[in-house]
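A.B. asks: If you want the building blocks of each chain, they are given just below.
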Amino acid sequence: MLTINDLHVSYGGIKALRGINLKIEENKIVTLIGANGAGKSSTLRAIMNLVKKQSGTVEYNGTDLTNLKTMDIVKKGIALSPEGRRVFPNLTVEENLILGAYTINDKEDIKRTMGEIYNLFPRLKERSWQKAGTLSGGEQQMLAVGRAMMVHPKILMLDEPSLGLAPLLVKDIFDIIKEIHRQGNTILLIEQNAKKALEIADYGYVIETGSIVLEGEGKSLLNNDKVREAYLGESR
Amino acid sequence: MSIQEFLQHVANGTSLGSLYALIAIGYTLVYGILRLINFAHGDIFMLGAYITYYGIIYTPIPWWLVFILACVLTGLVGLTLEKLAYKPLRGQPRITILISAIGASFLLQNLGVLLFSGRPKAFPTPAILSRTLIIGGVSVSLISIIIPIVTIIILAILSFIIQKTKTGMAMRALSKDYEAASLMGIDINGVISFTFFIGSFLAAVGGIMWGIKYPQLIPLMGVMPGLKCFIAAVIGGIGNITGAVIGGFILGLGEIMLIAFLPSLTGYRDAFAFILLILILLIKPTGLMGEKIAEKV
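Keeping their order, the protein sequence lines are chains A and B.
If you use our numbering, the first sequence corresponds to residues 1444 to 1679, in order.
If you use our numbering, the second sequence corresponds to residues 3 to 299, in order.
If you're looking for bench data, these hints aren't it; they were derived computationally from the structure.
Careful: at least some of the hints might be erroneous.
[Said to hold, decoys possible] Here are the computed lysine-lysine pairs in the BS3-like style, where the Cα-Cα straight-line distance is at most 27 Å:
{"id": "1", "chain 1": "B", "residue 1": "K178", "chain 2": "A", "residue 2": "K1512"}
{"id": "2", "chain 1": "A", "residue 1": "K1574", "chain 2": "A", "residue 2": "K1466"}
{"id": "3", "chain 1": "A", "residue 1": "K1518", "chain 2": "A", "residue 2": "K1554"}
{"id": "4", "chain 1": "A", "residue 1": "K1554", "chain 2": "B", "residue 2": "K166"}
{"id": "5", "chain 1": "A", "residue 1": "K1496", "chain 2": "B", "residue 2": "K85"}
{"id": "6", "chain 1": "A", "residue 1": "K1568", "chain 2": "A", "residue 2": "K1550"}
{"id": "7", "chain 1": "B", "residue 1": "K286", "chain 2": "A", "residue 2": "K1518"}
{"id": "8", "chain 1": "A", "residue 1": "K1639", "chain 2": "A", "residue 2": "K1662"}
The shape of chain A in the complex, shown without the other chains:
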């Protein structure tokens, strides 16, 4: 469905990605795990064309996305819930969701989707008239995920959705990711919480200093000694 070929990205002379190859198949949860600064977010940002690619291609169902503008990539059906939530603090919860569906003109459709998202996140419905800046961290995260879902993305990319959340909320977020997947969505998940991510993922990639060093099915990576030692904090 989405194929990334030999992707290179650098920021002012520092190489962030050194030839990444990635494949995301339809209806799967794919996860990308790795340490801070390994290049996880850079990969997602390069897919959305938020950073300049030095070389490499991004292909989606036969369409070349490499040089498309961010807004056109969104129109193709790829949505990113960015790291650090990035909700619009000066807009209400409802307005944030409406903007999530900016590229959709069908008002009925927007209303329906908003209803679905409120079902998924009842807390957002309670606070629909509140400014997003006044929400708690967990609520903002829910809003960021919900906002990305407003366009019915064919691929939903989530960058650290559990970052900074209380353990109970982390569990909620992962339950919701599973639920979104169960409804037939394709998900690319980035997580520091490698264990939880691999548990729900169909396929996983391990990224280290800008390169993929390991890949495989979620369960098998979970049992891989190297992964256990480096990312799950277990000693051999």
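Assemble the complex: chain A is given as a structure, and chain B must be docked to it using the hints.
C.D. replies: Same frame as chain A, but now just chain B:
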């Protein structure tokens, strides 16, 4: 001072304040989105007045249609200015873009001298608009009544656009986070162009009404009003539209009242604005309606 005289000054101050408000909105709109003080805004205002002058003198188009066309045309000039002078510098340090804005301002002024000549031109006010009314012993020019009304109508339309429409939402989103806005599929360049169009359109409305009220056009006519309206925007809290309007009225009324009550200080009427600016920066640097910087993370 008789009550009639006082009311006369109030009417004058209100119409001048409305003009300041219209132009100040342009500064504040652009600043809200780009964090840029568009120093060429006053010169866009001048262009609006000149375009109207040429439209009325040299074309057979009826004056009211010239007014509308001139505003649209000036809006397009503002949009083009952004594309040429600011867009290529996006992502550069803010001071770079600021310098470009000052350069654009000088360019437009000198282009004005070259194209329109430095000799003053008389604004061709349509006869119907130059009438004077006597209301309760106070003689008020018709335009002094029209200006505040037009300002209020425009403010209402603008608030509606910003608060209720999708484009308005996109503008508000953009003012906080470019990248997140582009992730929503928002056409960043389109929204910025739209903002410049609106700001310049309003400057032209201001320019036309200024021409009717003070019917003498010179290519540098935008400099002082431009500076004062920038000050009005800062007094109100730059980035805040309601603040810009309030700032405009404070400045307009204050200036007229200063002259009315202390005629010996008439020569200092321009200094008044700058003193006010210094005071507000000392006492409340974010302006009267300025947003608080602190936000929940």
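A.B. asks: Determine for every hint whether it applies to the structure shown.
C.D. replies: Status of each hint after checking the structure:
no.	hint	result
1	B:K178 to A:K1512	20 Å, holds
2	A:K1574 to A:K1466	38 Å, violated
3	A:K1518 to A:K1554	19 Å, holds
4	A:K1554 to B:K166	16 Å, holds
5	A:K1496 to B:K85	25 Å, holds
6	A:K1568 to A:K1550	18 Å, holds
7	B:K286 to A:K1518	44 Å, violated
8	A:K1639 to A:K1662	11 Å, holds
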